[in-house]
Amino acid sequence: GAVVSQHPSWVICKSGTSVKIECRSLDFQATTMFWYRQFPKQSLMLMATSNEGSKATYEQGVEKDKFLINHASLTLSTLTVTSAHPEDSSFYICSARLSGHSYNEQFFGPGTRLTVL
Amino acid sequence: EDKVVQSPLSLVVHEGDTVTLNCSYEVTNFRSLLWYKQEKKAPTFLFMLTSSGIEKKSGRLSSILDKKELFSILNITATQTGDSAVYLCAGPSSGNTPLVFGKGTRLSVIA
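Heads up: the protein sequence lines correspond to chains A and B, in order. For the first sequence, the numbering used here gives the first residue as 1, with consecutive numbering after it. For the second sequence, the numbering used here gives the first residue as 1, with consecutive numbering after it.
Because the hints were derived from the structure by calculation, they are not lab data. Among these hints, one or two may not hold up.
[Stated by the list, open to error] Derived pair list, reagent style DSS-like, types lysine-lysine, alpha-carbon separation capped at 27 Å:
hint, chain 1, residue 1, chain 2, residue 2
1, A, 20, B, 41
2, B, 41, A, 64
3, B, 41, A, 66
4, B, 3, B, 40
5, A, 41, B, 41
6, A, 41, B, 37
7, B, 68, A, 41
8, B, 103, A, 14
9, A, 64, B, 3
10, A, 41, B, 103
Model, not experiment: these values are computed from the prediction.
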């Protein structure tokens, strides 16, 4: 159980286009999902916390107008990178927290590798 | 500000060696500490530690938490090349708080 999927697993796009990444909890409900970004050989950096039915909470330095997050249901959160630029090329990973669990156990999606040309 | 520090940052060992990875933390309202293994994709969950002094084991991997001294170790015995990965330690401070990750320890096991 506790499987999280992401789609697409990789994407290449032109500079200036927008890219949407989906994160789904397949066999459980997740009131909270998290979006991370990871540059090569670096650790996971939290971008935002996504709560179902409310606005996402962004970490300092992350532009909310550039990285649009929507958590429309208990099993789906989306991250849209708007007007992508080469510096946005990175590995984007989501995680989902099991609702109702007393401890903060999170499960990660397989990640999406974004390359902006 | 919550902080998780891992050491060493990288480690190269030979197959069969035993390794110990360290994680120290400063997390307000500590609840649990988690270990993950990351190969080429997203991290995979290894252990969640909530109680001090109780070892968790999974095959050749084991981990223990010391809440008084605010650290945890991850041990891997009889290492294999398949253990080569980045091992991440993370601590949440409350139920809805995001994970704070350490920078990871990059382990390379050579034949």
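Here is what the structure says about each hint:
1. A:20 - B:41: Measuring from Cα to Cα gives roughly 19 Å; hence the hint holds.
2. B:41 - A:64: Since the Cα atoms of residue 41 (chain B) and residue 64 (chain A) sit roughly 25 Å apart, the hinted pair holds (cutoff 27 Å).
3. B:41 - A:66: 24 Å, holds
4. B:3 - B:40: Distance ~25 Å between residue 3 (chain B) and residue 40 (chain B) Cα, so the pair holds.
5. A:41 - B:41: 12 Å, holds
6. A:41 - B:37: 14 Å, holds
7. B:68 - A:41: 31 Å, violated
8. B:103 - A:14: 31 Å, violated
9. A:64 - B:3: Holds, at roughly 24 Å.
10. A:41 - B:103: 9 Å, holds
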